[in-house]
Structures are given as C-alpha cells and as structure tokens.
Amino acid sequence: MLSQENLNKVEAIRGHYPDSKAALLPALWIAQDQEGWISTEMMSYLGDLLGVSHAHVLGVVTFYTMFIDKPQGKYHIEVCTNVSCLLRGSDGIMDTVRKCTGAKPGETSADGKFTVSEVECMGACGGAPMIAIGEEYYERLTADKLEAILKQLA
Amino acid sequence: MEKYILPEIPDYHTLPVYEQHGGYGALKKALTMKPEEIIDELKKSNLRGRGGACFPTGLKWSFMPKGTAIPKYLAVNGDESEPGTFKDRMIFELNPHQLIEGILIGCYAMGITAAYVYIRGEYGKWVTMLQKAVDDAYAKGYIGTGILGTEFSTHIYLHKGAGAYICGEESALMNSIEGGRGLPRIKPPFPAAFGLWGKPTTINNIETIANVPLILNKGWEWYSKIGAVKHPGPILVGISGHVTRPGVYEVPTGVLLTDLIDEYAGGMLDGKKLKALIPGGSSTMILRAEHVPGVTMDADSLKAAGSSVGTAGMIVMNEDTDLIRVITRIAKFYYHESCGQCTPCREGTGWLWKILKRFETGDASLADIDLLLDVANNIEGNTICALGDAAAWPVQSMIKRFREEFEKRVKPVQALAV
Numbered sequence: 002m003l004s005q006e007n008l009n010k011v012e013a014i015r016g017h018y019p020d021s022k023a024a025l026l027p028a029l030w031i032a033q034d035q036e037g038w039i040s041t042e043m044m045s046y047l048g049d050l051l052g053v054s055h056a057h058v059l060g061v062v063t064f065y066t067m068f069i070d071k072p073q074g075k076y077h078i079e080v081c082t083n084v085s086c087l088l089r090g091s092d093g094i095m096d097t098v099r100k101c102t103g104a105k106p107g108e109t110s111a112d113g114k115f116t117v118s119e120v121e122c123m124g125a126c127g128g129a130p131m132i133a134i135g136e137e138y139y140e141r142l143t144a145d146k147l148e149a150i151l152k153q154l155a
Numbered sequence: 009m010e011k012y013i014l015p016e017i018p019d020y021h022t023l024p025v026y027e028q029h030g031g032y033g034a035l036k037k038a039l040t041m042k043p044e045e046i047i048d049e050l051k052k053s054n055l056r057g058r059g060g061a062c063f064p065t066g067l068k069w070s071f072m073p074k075g076t077a078i079p080k081y082l083a084v085n086g087d088e089s090e091p092g093t094f095k096d097r098m099i100f101e102l103n104p105h106q107l108i109e110g111i112l113i114g115c116y117a118m119g120i121t122a123a124y125v126y127i128r129g130e131y132g133k134w135v136t137m138l139q140k141a142v143d144d145a146y147a148k149g150y151i152g153t154g155i156l157g158t159e160f161s162t163h164i165y166l167h168k169g170a171g172a173y174i175c176g177e178e179s180a181l182m183n184s185i186e187g188g189r190g191l192p193r194i195k196p197p198f199p200a201a202f203g204l205w206g207k208p209t210t211i212n213n214i215e216t217i218a219n220v221p222l223i224l225n226k227g228w229e230w231y232s233k234i235g236a237v238k239h240p241g242p243i244l245v246g247i248s249g250h251v252t253r254p255g256v257y258e259v260p261t262g263v264l265l266t267d268l269i270d271e272y273a274g275g276m277l278d279g280k281k282l283k284a285l286i287p288g289g290s291s292t293m294i295l296r297a298e299h300v301p302g303v304t305m306d307a308d309s310l311k312a313a314g315s316s317v318g319t320a321g322m323i324v325m326n327e328d329t330d331l332i333r334v335i336t337r338i339a340k341f342y343y344h345e346s347c348g349q350c351t352p353c354r355e356g357t358g359w360l361w362k363i364l365k366r367f368e369t370g371d372a373s374l375a376d377i378d379l380l381l382d383v384a385n386n387i388e389g390n391t392i393c394a395l396g397d398a399a400a401w402p403v404q405s406m407i408k409r410f411r412e413e414f415e416k417r418v419k420p421v422q423a424l425a426v
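Line order of the protein sequences matches chains Z and B. Going by the working numbering, the letters in the first sequence line up with residues 2 to 155, in that order. Going by the working numbering, the letters in the second sequence line up with residues 9 to 426, in that order.
Among the hints, erroneous ones may be present.
[To be verified] Calculated cross-link-like contacts (lysine to aspartate or glutamate; reagent style DMTMM-like; alpha-carbon spacing at most 20 Å):
id: 1; chain 1: B; residue 1: Lys133; chain 2: Z; residue 2: Glu137
id: 2; chain 1: B; residue 1: Lys340; chain 2: Z; residue 2: Asp92
id: 3; chain 1: B; residue 1: Lys365; chain 2: Z; residue 2: Glu36
id: 4; chain 1: B; residue 1: Lys281; chain 2: B; residue 2: Glu355
id: 5; chain 1: B; residue 1: Lys140; chain 2: Z; residue 2: Asp92
id: 6; chain 1: B; residue 1: Lys133; chain 2: Z; residue 2: Glu42
id: 7; chain 1: B; residue 1: Lys11; chain 2: B; residue 2: Glu27
id: 8; chain 1: B; residue 1: Lys365; chain 2: Z; residue 2: Glu148
id: 9; chain 1: B; residue 1: Lys311; chain 2: B; residue 2: Glu298
id: 10; chain 1: B; residue 1: Lys133; chain 2: Z; residue 2: Asp92
id: 11; chain 1: Z; residue 1: Lys10; chain 2: B; residue 2: Glu271
id: 12; chain 1: Z; residue 1: Lys71; chain 2: Z; residue 2: Glu136
id: 13; chain 1: Z; residue 1: Lys10; chain 2: B; residue 2: Asp143
id: 14; chain 1: B; residue 1: Lys311; chain 2: B; residue 2: Glu327
id: 15; chain 1: B; residue 1: Lys140; chain 2: Z; residue 2: Glu137
id: 16; chain 1: B; residue 1: Lys226; chain 2: B; residue 2: Glu412
id: 17; chain 1: B; residue 1: Lys362; chain 2: Z; residue 2: Glu137
id: 18; chain 1: B; residue 1: Lys340; chain 2: B; residue 2: Asp382
id: 19; chain 1: Z; residue 1: Lys22; chain 2: Z; residue 2: Glu42
id: 20; chain 1: B; residue 1: Lys365; chain 2: B; residue 2: Glu298
id: 21; chain 1: B; residue 1: Lys233; chain 2: B; residue 2: Asp371
id: 22; chain 1: Z; residue 1: Lys22; chain 2: B; residue 2: Asp270
id: 23; chain 1: B; residue 1: Lys238; chain 2: B; residue 2: Glu258
In case anyone wonders, no lab produced these hints; they're calculated from the structure. Nothing here was measured: the structure is a model prediction, and the numbers come from that model.
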C-alpha cells in the first residue's frame, strides 16, 4: 500500500521512538500525502505494519480533523472563521469562496477541484482574515485578492 | 528595546548567521557547568512558562529525578492552537536555532537523551523550516552522539500533530506523541514522574525554551531585571482584531496594554473606539475598555484586573463589535475541541453553544443568562483537564462584564391574552 520509498521513511521514523505505535501519526501523514486520503484498507495496513489494532487506527484517524477518510477535491480550502478572522471579515471570505467554487463548507465543487472546510483558528490571527490551501497560508485577504488566487487554481 | 527572541538580523534563521552572532555559545557554556548549576540559574532568573500557566521553568526542571539510568524525555509544546495565538510560529521561522539550543541545554540539565518537538499539523511549512535547522545542527555536531566532543548525547525529533486543540494540553500531547488520540490524563501522577511511555518527562512551551540560551549567556541577574519583577523577560505578544498593524511584537513583560495597541499595533483600526479586549487567547477573561488603562502584560497585573496573561495573544475589539457573536463563536470552538472524555465538558460545551445561539438569533429568554452561568459553573473545575475551564471562563466573564449585551438580545415577552 505504501510505496517502497514511503515504507522506508516509516521504518526510519520508527527508530525515533521507543515504541512503534508512536510512529502512527507520522505514518498516517505519509499515507495521506501519498494517496490524498486514508482508506479503511490503508488503516488496516498501517495497523498491521506498526502492530496496533485496526480499531485503534480508526480511532486516531477520526479523532484528528486533519486526517481525511474519504477522497476529496484536488485543492482543500480551509477557511478560518474563529474570533480574530471573524472580526476582520471572514463572513465575506466564506461568501467569496462559495461564489468562486460553488461549494459550501463540507462540500466539494462540481468539477472535483475544490473541497471547502470551515476550520478553527490556524494560528495566523495577525494576518486575518485568512485561508489555507493545502500547506499554504493566504493572509490579509480581501475579496479581490481571494478571487485572483482561486481563479489561478480553477 | 533590543530584541532577544526575534532579533531583527537578516537570515538569523540560518546556522552560519546564528553562529556569527554567538549562537550555540550558551550550549558550550552549559556543557562546562554542572546540571544543577543550570537549573539554579533558571530558578534565579524567574523565567516563567510562556504557554499560559506561567509556571516557574527552573522549578519544573528541578522536579525531574536525578542520578537515574531510566530514560527521560523532553516534550516541547508547539501545538499553539488557542485562538488569538500565533507567536511560536515566528520562532520556527525566524529563530529556530535558539529554540534548538535551548532544547539541548534543557536535555543536558535534566539528563535527557531524546526531545520531541510537537508542532500543530496546520504548520506543515513551519515543520519543514524547523527540520532544516535541526538537520543543519546535526551536521555541525550540535545534536547527536558526543555533542561538541563531550560525553553528552541527545536527539531531537519533530512530531507533527493533525488538528486537535486539546493536544496543546500537556498530557494529551504526550498521548498524541505515543500514537494515540489526544485524551488528557488524570494527574497525579505528574509528567516528571510518569510521562512519555511512563518515564519522567518535562513539557515546556516553544517560547519558554527559546528564552533559556539568553539566561545562560547573559546571566540570571540581567534576565530578571527585564520587565515585570515577578514575571520578567522578553515576551512575544500577538495582537489581532481591530488594530492598524496586527502582528507579533516582542516586548519586555510589564508593557501597558494601551501602549501595545497604540504604539506597537499602530492604534485602533480606522480610529474607532475600543470596546473590549481579550488579553491572552480566547480562554482568558474579557476586559471592558474602561478597565484596560493601567493594566500591563504580565501575570500579576492581568490577574489583578480579573483576567490572565495566557499566551499573550491579545484580541482587540472596537465599538461596533457584536460581542454575542464573538462569545458564540468562542463557545463553538470549545465544543468542537472537547475530547469528550468528561461529561461536564462534552455535554456542557455543547449546551453553552446551543444557548448562546439563542441570543444570537434573538430567541433567548432572560432566564437563559442564568442557565448559561449554571452550565458554565458546572463545567469549571469538574474535568480532567483545563479545557473545561477554558470553555467556562469566557462565558462567565462575558456575562459578568457585558451583561447588558445579553439583555439586549432577549426575545421581548409578549403579553398573554387573558
């Protein structure tokens, strides 16, 4: 299930901890980076690989909001609506995202390009309002700036 | 004031520039000292944790068992998820080697051979930045086996979270490093006795550790004279909300909150008036504008003002702010982030949000104010970890200080036909 290269990465990371269960979060990240999401089969595979029960892996995947257990759009747009962003206009940011992608929070755009999520504070309060697309943060947004960013990806 | 945590030196995040400015000198000095001398130095410096609890760092380090062969661990907390907080990210980006140097000094002082830096999953880019610095420090022999030709060996590993505020709670953080869900543990036993994998563990905030090399370099006396007497040192203040220049500012503790707004953050946005201020992240108690003058950014002053320094993540709100909307959003956050172990928090945070939404939509009754307080009071102090308190305090303080905002949003009572 994991590529040989990624399997080697997991094996190396195992050595960072006295117990291989601790390599579960890093292994899930590697799996998600490889596949874009984490399937039930992948969870079982990683459980067997690290010697933890399939139920434990499922429990971990569903506990952490950043682990994705179903396929999603090519770009994951996360819109922060917590206090600092709310004060600086996250309502408008969410409206613009909806207008440009046609997707509401929790939905994927019809062309399969964008999955939109409303998220909690991402630690960019000084740059509010902000969104993240994948690992990239886009801060101090205005409707125009955001439209330009989304148009480039569309 | 000169900057010590985020110096304004180009490329300071790179190893050569850090070394040019004396970087890793504190580690070299530490390796000539006895571990207990280092801990003593920290105790005298009066450095207090920058993660929110303000616990004295030297004292915390002294709790670790000495003269034992069992493995001991350091966990460095970079989960940074309290709304309004965005300071540790600046250290990863602008001064990662000072953090690494502090970790190494801590490991030497406590006899630790492995340190784990826990970084929130959203900070993927910053994990990469810190990993680069760690790799460079390994290559130069600052980390690894036989550091700088001494007997001292230790490793530093980065551990990326995956989106869970609760993992910033130290015992949940340890469970997350161990590969589990981030569920807080009942204390005692405390981490210094039973931490990661049941072994003695110390957990410190990123910014706290970044202060350590300064104290070793310049001495406790110098450090203890910066800022507020009982809570000294440089502090990173994150300012967000309705100010002209939001951002992270390094200041000595004890700076007036009004100066932080007017001088550092460039004043209120569009010249509006201040209405309210949350001084240290969303869980700290809100202050009314008229109570802000004279209050300073340090543990004692904010405690006296009826709040706390928290993570020094200040959220500034102007006269047009709908505080009911603000508190409803904060309540939703704690409901989303409750791990669900303890009934008062799992159920209570949901009830707080649900009742607050009635105020937001104008469907609440006057009795709902008391109901909110009843629910909040039943969460506070009745949970394994402080998330329950963190959910209760903002609601309690908002009602205490802005009761009129709630009363204004109550549904008018209709006269009953007789």
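To see whether the hints hold, each was checked on the structure:
no.	hint	result
1	B:Lys133 / Z:Glu137	7 Å, holds
2	B:Lys340 / Z:Asp92	16 Å, holds
3	B:Lys365 / Z:Glu36	39 Å, violated
4	B:Lys281 / B:Glu355	37 Å, violated
5	B:Lys140 / Z:Asp92	37 Å, violated
6	B:Lys133 / Z:Glu42	29 Å, violated
7	B:Lys11 / B:Glu27	17 Å, holds
8	B:Lys365 / Z:Glu148	31 Å, violated
9	B:Lys311 / B:Glu298	16 Å, holds
10	B:Lys133 / Z:Asp92	26 Å, violated
11	Z:Lys10 / B:Glu271	49 Å, violated
12	Z:Lys71 / Z:Glu136	19 Å, holds
13	Z:Lys10 / B:Asp143	16 Å, holds
14	B:Lys311 / B:Glu327	25 Å, violated
15	B:Lys140 / Z:Glu137	18 Å, holds
16	B:Lys226 / B:Glu412	51 Å, violated
17	B:Lys362 / Z:Glu137	33 Å, violated
18	B:Lys340 / B:Asp382	18 Å, holds
19	Z:Lys22 / Z:Glu42	18 Å, holds
20	B:Lys365 / B:Glu298	27 Å, violated
21	B:Lys233 / B:Asp371	53 Å, violated
22	Z:Lys22 / B:Asp270	50 Å, violated
23	B:Lys238 / B:Glu258	18 Å, holds
Of the numbered hints listed earlier, those contradicted by the structure are 3, 4, 5, 6, 8, 10, 11, 14, 16, 17, 20, 21, 22.
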